[in-house]
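Undergrad: The primary structure of each chain is shown beneath.
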Amino acid sequence: KQEVTQIPAALSVPEGENLVLNCSFTDSAIYNLQWFRQDPGKGLTSLLLIQSSQREQTSGRLNASLDKSSGRSTLYIAASQPGDSATYLCAVDSSASKIIFGSGTRLSIRP
Amino acid sequence: DTGVSQNPRHKITKRGQNVTFRCDPISEHNRLYWYRQTLGQGPEFLTYFQNEAQLEKSRLLSDRFSAERPKGSFSTLEIQRTEQGDSAMYLCASSSGTGGSGNTIYFGEGSWLTVV
Chain A
54 KQEVTQIPAA LSVPEGENLV LNCSFTDSAI YNLQWFRQDP GKGLTSLLLI
104 QSSQREQTSG RLNASLDKSS GRSTLYIAAS QPGDSATYLC AVDSSASKII
154 FGSGTRLSIR P
Chain B
64 DTGVSQNPRH KITKRGQNVT FRCDPISEHN RLYWYRQTLG QGPEFLTYFQ
114 NEAQLEKSRL LSDRFSAERP KGSFSTLEIQ RTEQGDSAMY LCASSSGTGG
164 SGNTIYFGEG SWLTVV
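Residue numbers (my numbering), protein chains in the order written: chain A, 54 to 164; chain B, 64 to 179.
Keep in mind that the hints were calculated from the coordinates and are not lab data.
As the structure is a prediction and not an experimental result, all values here were calculated from the model.
Don't take each hint at face value.
[Unchecked claim] With a straight-line cut-off of 27 Å between C-alpha atoms, the simulated DSS-like cross-links for lysine-lysine are:
1) K120(B) - K74(B)
2) K134(B) - K151(A)
3) K95(A) - K77(B)
4) K121(A) - K54(A)
5) K120(B) - K134(B)
6) K74(B) - K95(A)
7) K54(A) - K77(B)
8) K54(A) - K151(A)
9) K151(A) - K95(A)
10) K95(A) - K120(B)
11) K121(A) - K151(A)
12) K120(B) - K151(A)
[Said to hold, decoys possible] Simulated coverage check for chain B against chain A, where a stretch passes if three residues somewhere in it have a Cβ under 8 Å from a Cβ of chain A:
13) 79-86
14) 99-109
Think of the CB as a built atom: it goes at the ideal place given N, C-alpha and C, for glycine as much as any other residue.
So that you can see chain A by itself, here it is in the shape it has in the complex (with noise of 0.2 Å):
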């Protein structure tokens, strides 16, 4: 059974910092791994998507990296912007028909 799992839950950094949220995933025979970004009361809006077979995705000031063996993926933030301030999803489909989401960084970016 897959589980997904995103460490820290919350994190606060001044404006300007680099930051990197983690997530990471139990089994490693996945097809693929989405980032998304959530606003509060809002729908998701996907970031990046990395394919299994790729390593690293960039758009932006967002750069997403996928190590399968290890299980684990990072979102790394550059410049943080007030802005980027909202929840981090983290979603692998392993099947297709059941992509599992982990529980969610979320970001506050101090002015």
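Fit chain B to the known structure of chain A by using the hints.
TA: Frame of chain A, contents of chain B only:
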């Protein structure tokens, strides 16, 4: 591409009543998912459709829950005899893909259910 649309956005109902949520996925997407999310938690998987076939159903989905996707287009999620524990945000998502590969999943804005 108008995105994934969910209706209603908010629903307040009395315990014991039935409620139905509708999801209109992105038109060319063959995969559709329903999730439930409570405060401070990640989305919990409820059910999955590939076209019109319901291929996966979570044990979280009790007999009071039923989902359909007629003709592989929009989907409905019905909750019968609602209980206070059903209060949550119900999220619908869609994507395209064949076999074991999958593409980016797009979520709707969610439907908030409050059972009083």
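Undergrad: Hints first: check each against the structure and report whether it holds.
TA: Verification of the supplied hints:
1. K120(B) - K74(B): holds, 24 Å
2. K134(B) - K151(A): holds, 21 Å
3. K95(A) - K77(B): holds, 24 Å
4. K121(A) - K54(A): holds, 16 Å
5. K120(B) - K134(B): holds, 19 Å
6. K74(B) - K95(A): Holds, at about 15 Å.
7. K54(A) - K77(B): This hinted pair is violated, its Cα atoms lying about 36 Å apart.
8. K54(A) - K151(A): Distance of about 11 Å is within 27 Å: holds.
9. K151(A) - K95(A): This hinted pair holds, its Cα atoms lying about 22 Å apart.
10. K95(A) - K120(B): Given pair K95(A), K120(B) holds - Cα atoms ~24 Å apart, limit 27 Å.
11. K121(A) - K151(A): Roughly 18 Å between the alpha carbons, so the hint for K121(A) and K151(A) holds.
12. K120(B) - K151(A): Roughly 9 Å separates the two Cα atoms, so the pair holds.
13. 79-86: Answer violated; 0 residues pass the 8 Å Cβ test.
14. 99-109: Coverage by chain A holds here, the residue count being 6 at a Cβ distance below 8 Å.
Comparing the model with each numbered hint stated earlier shows that hints 7, 13 do not hold.
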